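*Asks:* As you go down the protein sequences, you meet chains L and C in turn. Position 248, counted from 1, in the first sequence is what the numbering used here calls 248; the numbers after and before it change by one each time, with no gaps. Position 238, counted from 1, in the second sequence is what the numbering used here calls 238; the numbers after and before it change by one each time, with no gaps.
These aren't lab readings, by the way, just hints derived from the structure by calculation. Hints should not be assumed to be uniformly reliable.
Partial list, derived from the structure: chain C residues whose beta carbon lies under 10 Å from chain L [claimed, not checked]:
#, residue
1, Asp59
2, Trp60
3, Gln91
4, Thr95
5, Leu176
6, Gln217
7, Ala222
8, Gln250
9, Arg252
None of the values given here were measured: they were computed from a predicted structure. Beta carbons: idealized from backbone N, C-alpha and C, even for Gly.
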Amino acid sequence: MQDFLQTLVGGLSLGAIYALVAMGFSLVYRTMGLVNFAHADVVTIGAYVASTFYLSARLPFVAAMAVAIVVTGLIGVVIERVLRPLENKDFDLMLIGTIGFGIVLQAVAILLWGATGRAVPSPIRAAPLAVFGVHIRTYSLVVLAIGAAAVVLLGLFLQRTKRGAAMQAVAMDHEAAAAVGINVGRSNAVAFSIGAGLAALAGGLAGPLLYVNPTMGASLGIKGFAGAILGGFGSIPGAIVGGPAIGVLDAFAAGRFQGYSDLVTFLVFAVLIMIRPTGIFGERTVNRA
Amino acid sequence: MFRHFRSSAAALALTLAGVLALAACSAPGKSSGGGSSASGPIKIAVVDAQSGQLSSLGDWEYKGAKLAADQWNQAGDINGRKLQLDVLDDQGDPTVGTNVARRIASGGYVAMLGTAESAVTIAMAPILQQAKIPNITSGQSPGLVALKSPFLFLNGPTSTTYDETLAKFVVDQKGLKKIAMLTNNGAFGKGEHDSFMKSLSSRSVTPVADKVVTADQKDFSAVLTAIRAAKPQLIFLGAEEVESGLIVKQARDLGITIPFAGAAPQGTPVFRDTAGVANIEGTYVSSPYLGNTISDAAKKFATDYKAAYGKDAELHGAKAYDGANILFTALKSSNLATGQALADAIRATKYNGLLGNFAYDGTGVGIFATSIGIIHNGQLTAANG
């Protein structure tokens, strides 16, 4: 039982990161119908910026994260602006555009910070808590707390603010939204920035847990993407459930199947998707292009 | 009009074919030995991962090789030609590596240094063997030796040596019998697993736990909990720098306080930084290069390295430095031979390097001993006895 709980805790720590990545994917997909393939590399940039300000400039961890979110938010605005001419016109080219941006971001990361990567010490010095024999890293609790806060803030933004409501409207029918005077381009820019900000949050939080290097976005991205699909691509609650689900599945597969854990995780994922293609909170795919 | 177009198109096609045929006849980069190109720099390929979790290995290897090349170029030239190192990125991927091998074969390179990943080196070896291009690699997997390629040389001991020395220390000397093994399923991890297991078996020791993880794994709660339950006295690590560091960090978080043991990756600053200095205290490391102060040659190397790059030297840079020096010595002694002649010259080279005395045998291994160090305060110090 203790082993079960310990594995669960381990899976949830990374699962929270996957949830943040998944939320970014789902948000952009929900509002623009676009799978942002640059998302994983924005996670990497976020991790690098946060760790640079935390390590070199010696800013408090929270401040470093805030800077990272602002910087990546700007990157999101830039990406959206560059791809705007393609919006609602050529979906496939836009998709390829994001792939291109991803490659550019990874190259920029190597140019700016080198290929070697860096380890980030945990901002929480306290020793792990021992609850009923289960060890819980205090930092993991912080990650879960921040993740939960991000979810709540995002929910409030989407439901309670005018901008958020405008984004929902654009998602439902962009032509009708434009007809009632919503600036679709600007709304999409906001969506992209928030998505990028979520990526930065994920990357910055993942830094002390893992190791910051130019390809860290790749494995976080693919599992976050799988989490988003599992929860229902485009659904924010789906991302919150799907991310930890993948994390926990991965942790248990690693314990049981050792070297074949990735194989088992994605096999189970494939079976689940075959049973329910739209995911847990499945919404019908947004109709675009 | 169309007929005219078609016949001129045919003429153009024939001309193109003719040009291509001529170009193919005089392709650069001979595949067999014989005369080398008359002038221009001596082109040597340095192949490693330039990005990704293993890129630090590539960085260290290049720095070590470059330091050697710069020193040789400053001291003079070989038959009037300078050494030129070209860096090629294999992305840590064996498939990309085979592409790089083909580029090397047709690119006029006389030899290759690298890669630091055994899996990629093994993938590239058949192509380089066919092209008769000698390769001095930093890999250490016994799988390299099993290839039996006359063109493949190692710039350090194999996993077998590392782990036999380690097993001798922990079992025979320290008397530790309850040992857990935690390795990954990459070429290096598998090599470490098999070598250490063999060394343990020869001492009639069975590991209390034998767990395998994937090379990309991030969370080790499940395997570490299982290992903790087996109550070992020591955990043997067979994974690269970053993954080992994450394992140690998470193990300490889970309340596992017993020491770890390992080979080359455990002696690196990346392992130390990823795990945290406090967490690696007391780790046993099997390494042919315990530190930058073990000998006068090591001190000089470390000073030159620091002056050139502003960073501290470590094992992988030292290995690359030795390997490069052996290659350049062979180039000089053989009068810039290529192909089989160069391979023979490398095999005949006796070199007193930072890692020890190199004397290559028929299998491409030149050095057969390592030392044991213990990490104290983040630094490797020689173990007593």
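*Asks:* Honestly, which of those hints from before does the structure not fit?
*Replies:* When the structure is compared with the hints, numbers 4 and 5 turn out to be violated.
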